[in-house]
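With the hints as your guide, set chains B, C and D onto chain A.
Number of protein chains: 4
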Amino acid sequence: MHAANIAVNPRASLATVYDTQRSAAERVAAAHGASVAVNPAAAIEGADVVLIASSTPTHVDLITAAAEAGKPIFCEKPIDLDIARVNRCREAIERTGVPLQLGFNRRFDPSHRAVHDAVRNGEIGMPELMIITSRDTGLAPIAYLKVSGGLFCDMMIHDFDIARFMLGDDEIVEISAMGSVCVDPMLTELGDVDTAMVIMKSANGALVHINNTRRAVYGHDQRCEVFGAKGMLETQHPRPKPMLRSDVVSAAANSPLPFSFIERFAQAYVDEIDEFIEVASGKKSPSVTFEDGRRALILANAAWASVRTRQPIQVRYD
Amino acid sequence: MHAANIAVNPRASLATVYDTQRSAAERVAAAHGASVAVNPAAAIEGADVVLIASSTPTHVDLITAAAEAGKPIFCEKPIDLDIARVNRCREAIERTGVPLQLGFNRRFDPSHRAVHDAVRNGEIGMPELMIITSRDTGLAPIAYLKVSGGLFCDMMIHDFDIARFMLGDDEIVEISAMGSVCVDPMLTELGDVDTAMVIMKSANGALVHINNTRRAVYGHDQRCEVFGAKGMLETQHPRPKPMLRSDVVSAAANSPLPFSFIERFAQAYVDEIDEFIEVASGKKSPSVTFEDGRRALILANAAWASVRTRQPIQVRYD
Amino acid sequence: MHAANIAVNPRASLATVYDTQRSAAERVAAAHGASVAVNPAAAIEGADVVLIASSTPTHVDLITAAAEAGKPIFCEKPIDLDIARVNRCREAIERTGVPLQLGFNRRFDPSHRAVHDAVRNGEIGMPELMIITSRDTGLAPIAYLKVSGGLFCDMMIHDFDIARFMLGDDEIVEISAMGSVCVDPMLTELGDVDTAMVIMKSANGALVHINNTRRAVYGHDQRCEVFGAKGMLETQHPRPKPMLRSDVVSAAANSPLPFSFIERFAQAYVDEIDEFIEVASGKKSPSVTFEDGRRALILANAAWASVRTRQPIQVRYD
Amino acid sequence: MHAANIAVNPRASLATVYDTQRSAAERVAAAHGASVAVNPAAAIEGADVVLIASSTPTHVDLITAAAEAGKPIFCEKPIDLDIARVNRCREAIERTGVPLQLGFNRRFDPSHRAVHDAVRNGEIGMPELMIITSRDTGLAPIAYLKVSGGLFCDMMIHDFDIARFMLGDDEIVEISAMGSVCVDPMLTELGDVDTAMVIMKSANGALVHINNTRRAVYGHDQRCEVFGAKGMLETQHPRPKPMLRSDVVSAAANSPLPFSFIERFAQAYVDEIDEFIEVASGKKSPSVTFEDGRRALILANAAWASVRTRQPIQVRYD
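Protein chains in written order, with my numbering: chain A, 1098 to 1415; chain B, 1098 to 1415; chain C, 1098 to 1415; chain D, 1098 to 1415.
Isolated chain A (complex conformation) (with noise of 0.2 Å):
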């Protein structure tokens, strides 16, 4: 998918692909015109920037050698599970001083960008309330759960990055976590929840609520609501085929919902590869930065351990 979005962007061409899988490099190569470079130092050393999609235990030692040879870098969430890892990565990163940005692809989402600019131009005041669901179509394969990090690292992760977003300056400091699993017991087996919830303080005394869920049976259902002292925003869905349908069973039904994130943020796909153009070429700083990877990360671990110690976590990012 970032391939074809690369292709798509008129500043923008595939030069060169690795992939741990030749043959997945070399159909996706042979479809952009691009090269298949023989392992990853290759590919950094064949582009002018880096993107890197691979699996979470490799995006550290990627970053540092990309971030080594001063190609801008962008990389999927989550940088890594461990955030002694991250730690080691950001002075690589701050060494160096090539910019990177993350992929918290919704951010770029219209609807919550949106939101977001509204709530930072102050058209609600301060925030005090912000209530964010996010629920998946279905449970990943096993074999993806049992490395994920488990749900808060891998699914509420993109959450706790919304809730920095819509705070702008204004830091999370106490996080109380509950987990539970309702959609399949196999998650108890893996020492992980299917179904969560959160409350988080600011340091303004916002109140922020997540709850996650791996299984929505009507749709990939991805909300944010900010709540201040003027008023209310709210994201909407966006709906492939807009229809309302009225018939003997129900009035005014909407059509269904995304049922895949791909569908659900195909446009914020192809505008987070867009900024990372800007970016690498030096004309802006990118909006989702390897901090930010870092304090979501800090905010997952820290939900994990509420659940585990059934306690609430005073978050610090130091």
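Simulated from the structure, these hints should not be mistaken for lab results.
Where hints are given, some of them may not hold.
One copy or two, either will do: identical chains are not told apart, so a pair holds if it fits within one copy or between any two.
[Unchecked claim] Below, computed lysine to aspartate or glutamate pairings styled on DMTMM-like, alpha-carbon distance capped at 20 Å:
id: 1; residue 1: Lys1327; residue 2: Asp1344
id: 2; residue 1: Lys1338; residue 2: Glu1388
id: 3; residue 1: Lys1327; residue 2: Glu1220
id: 4; residue 1: Lys1338; residue 2: Glu1360
id: 5; residue 1: Lys1327; residue 2: Asp1281
id: 6; residue 1: Lys1168; residue 2: Glu1188
id: 7; residue 1: Lys1243; residue 2: Asp1281
id: 8; residue 1: Lys1168; residue 2: Glu1372
id: 9; residue 1: Lys1338; residue 2: Glu1142
id: 10; residue 1: Lys1338; residue 2: Glu1220
Okay, now just chains B, C and D, sitting in the frame of chain A:
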């Protein structure tokens, strides 16, 4: 308002009225052809059934007196702010066997009732997530706030009851709460909050979120969303003057929400009196019991304890 | 229904009832503590004001009798199907000077009234386009349809009145209509239609569209949209059990519309009786007059003439 | 815009550009690596397929030239304002057998297409009522209006096409139209209208309403509602920045509609080019044909004739 709803009901009439302000009692009595009672005992004596809508601290004594007189009782929430007094009152009720219906009017709201009926009917499967949003339109007068028992006992108690209403037999077992003062710093002096969030877990693992604020400028915002394996049900706002306006400022703006709880729950107030008449004539059991009031108070107290101790609270109902 | 609404109104009570079926009169009278009149004259004699809800052909004689007895009159629409008889009846009314309120209940519907008030208040400028959609949930019994006067006089007459209600002094001057039989071929035998559309032009150049069908499976669908230079106003459906359902079949399905006109306009029926009591006590003029009924009938007759002659009709009200 | 959509399409590229303003052609050609043609014949010669987006009076000659050169043709609507010229052009097309796709972009709008697919799939039964609302956001410049062919040929022609799109084989047989000048008196001088309504009947008895205005201050308002025995289907507006705002002025105001047709139908413009590439490569027949353009023009002319003669018009397509 209760007097008017009694007058409108073809099966009931107002017999006698007692109020600590005699002029108020006289005005209501005159409007509906009722007599004025010289004291509560006379009022209880002079009627077949007793409706208690006095200040909270008087509830327990009035309930006890009416129960001992063998009169069916309708009492506004909360029963009392002190669980020990509530427990003693429960004994009086149980001893006399008179039916008591508690004024959790929101259970009678057509929209909340429709969601409840569909949930209890299994239409979405077992509840897994519930999001309850409950926002008043402005701070009550400070004199009221001082004796209100605080946000959790005065306001969120309704939402604890709605959570229990939707969950059926599946009781809340754990609660974690956060409070904030965003509306008026005076609340800090009162040792109260004006903005709050809780998360709760039920015995079956359902997760429940409630958010409250004392001031929503756009209207009385009462919502409940219940999610399960088969889908989601959401209440919808009634709109007193349903109209959509599209103009140069906004496309498709809905007409205002009701701005007061009186207007928001007008039908619910009528319907709860109607049910009470059924209850008083022995035709049905009350759908909101003394025990419902007691348990909602236990949850409200647990929420307060969680805010004060910054700990989650395990809830016990004995 | 009218009897119950009179009973509920604190300023009125049912005095006496006449019905061609004596048992029906007895049942209604007994329910509300009224007497049974032996004939219409006795009923008129026995009450301060007269409410006429009999079959259409009897209206003119009953109006005339009540007017000559000097009793304020509430009469269901239509006045009569024969404009010559209506004109003669008008003379009787004018001669006696009794107030008469016509039962165009839809003017009292909170949503239609809200749009009316905003339009008449100039909030969208002069009306330029109006779209009125009006759909019943199924064919009435054939016995009723035979004497109904046909779709335009029986059903669309309400919509002609709503058009005039919204336009204020700006009267319709031209109408073009088309009819079709889509629901039941029996209508063809009756010389009637079950599906119809009209377009009309007002003196000021506003264009108005009405569409009707006798059978909408999804509920009683009554809508009005008024468009002007400053924007658009639309009525919204009330929903008896407001709830949104999201499931595997559909995302966000609204709860059903009211299925009968009785349910759809319940509040309107209450409010029109309340206004009539004001009218009868001389406190205000009726907001729906005999002349409103006469002009709606003229429009309905013009629509029929347009269908039959396949010509647009220039409308005259003298 | 077409040039950009061709550039984005991986299966097409812009070969050569002709424009009566050479500088405009040079700008577009330079942006997409195309050559500039010295005249239309050279442009037709220099490309595999021909896209005609010139002024309406030039369409017929360009279509004929491209057809005789054997090149597949995409042409913007309307073909021409003179039905005799259109008929002659039809002969040229038929003689050469080249495929021609007409630019009724609205057929490619995801929402209109979803309704069409559901209707043609029988989901609501045979269409019985159709309501098409189509409103521009403001008057075009007078220079354009003078040569536009008038509201029915320039603007409502899209709605005639949508009506035919939804009805399938069931052709319109009768039309009655009314026009008004509400936006700008200048239109009267031009012999045109800026506000219009039609009603039409199909061979099967379906009734269709269209309303148009040149100026809707709240945005580009394009709606279609199709009603049948089994229910109703309605298009929904796309919203570029989907957001709901609740504040002291209004509860739940939707984000603005697209304000230009370019924005409203952005996806449709992309998709029609994509289909044309399929058509040009012989993989499918055009879904909007020359004959569709001819019939929409016949309906537009009939609407004008109805306004001028104040008579309904029986429509013939030969």
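Each hint, compared with the structure:
1. In the homo-oligomer, the alpha carbons of Lys1327 and Asp1344 lie at most 20 Å apart only across protomers (6 Å), although the nearest pairing inside one protomer, at 39 Å, exceeds that limit.
2. Proximity of Lys1338 to Glu1388 under the C-alpha cut-off of 20 Å is found in neither arrangement, the shortest distances being 37 Å within a copy and 28 Å between copies.
3. In this assembly of identical chains, the alpha carbons of Lys1327 and Glu1220 lie at most 20 Å apart only when taken from the same copy (7 Å versus 24 Å across copies).
4. Taking the shortest Cα distances, Lys1338 and Glu1360 sit within 20 Å of each other both inside one copy (12 Å) and across copies (17 Å).
5. Taking identical chains as interchangeable, the C-alpha atoms of Lys1327 and Asp1281 lie at most 20 Å apart only when they sit on different chains, with a minimum of 14 Å there against 42 Å within one chain.
6. Proximity of Lys1168 and Glu1188 under a CA criterion of 20 Å is satisfied intra-copy only: 16 Å inside one chain copy versus 61 Å between copies.
7. Proximity of Lys1243 to Asp1281 under the C-alpha cut-off of 20 Å is restricted to the intra-copy arrangement: shortest distance 14 Å within a copy versus 48 Å between copies.
8. For the identical chains of this complex, Lys1168 and Glu1372 are intra-copy neighbours only, at 16 Å inside a copy versus 40 Å across copies, given an alpha-carbon limit of 20 Å.
9. With identical chains, the CA atoms of Lys1338 and Glu1142 are never at most 20 Å apart, being 43 Å at best within one copy and 39 Å at best between copies.
10. Taking the closest pair of Cα atoms, Lys1338 and Glu1220 come within 20 Å of each other only across two copies (16 Å); inside a single copy the shortest separation is 31 Å, beyond that limit.
Hints 2, 9 from the earlier list are contradicted by this structure; the remaining hints agree with it.
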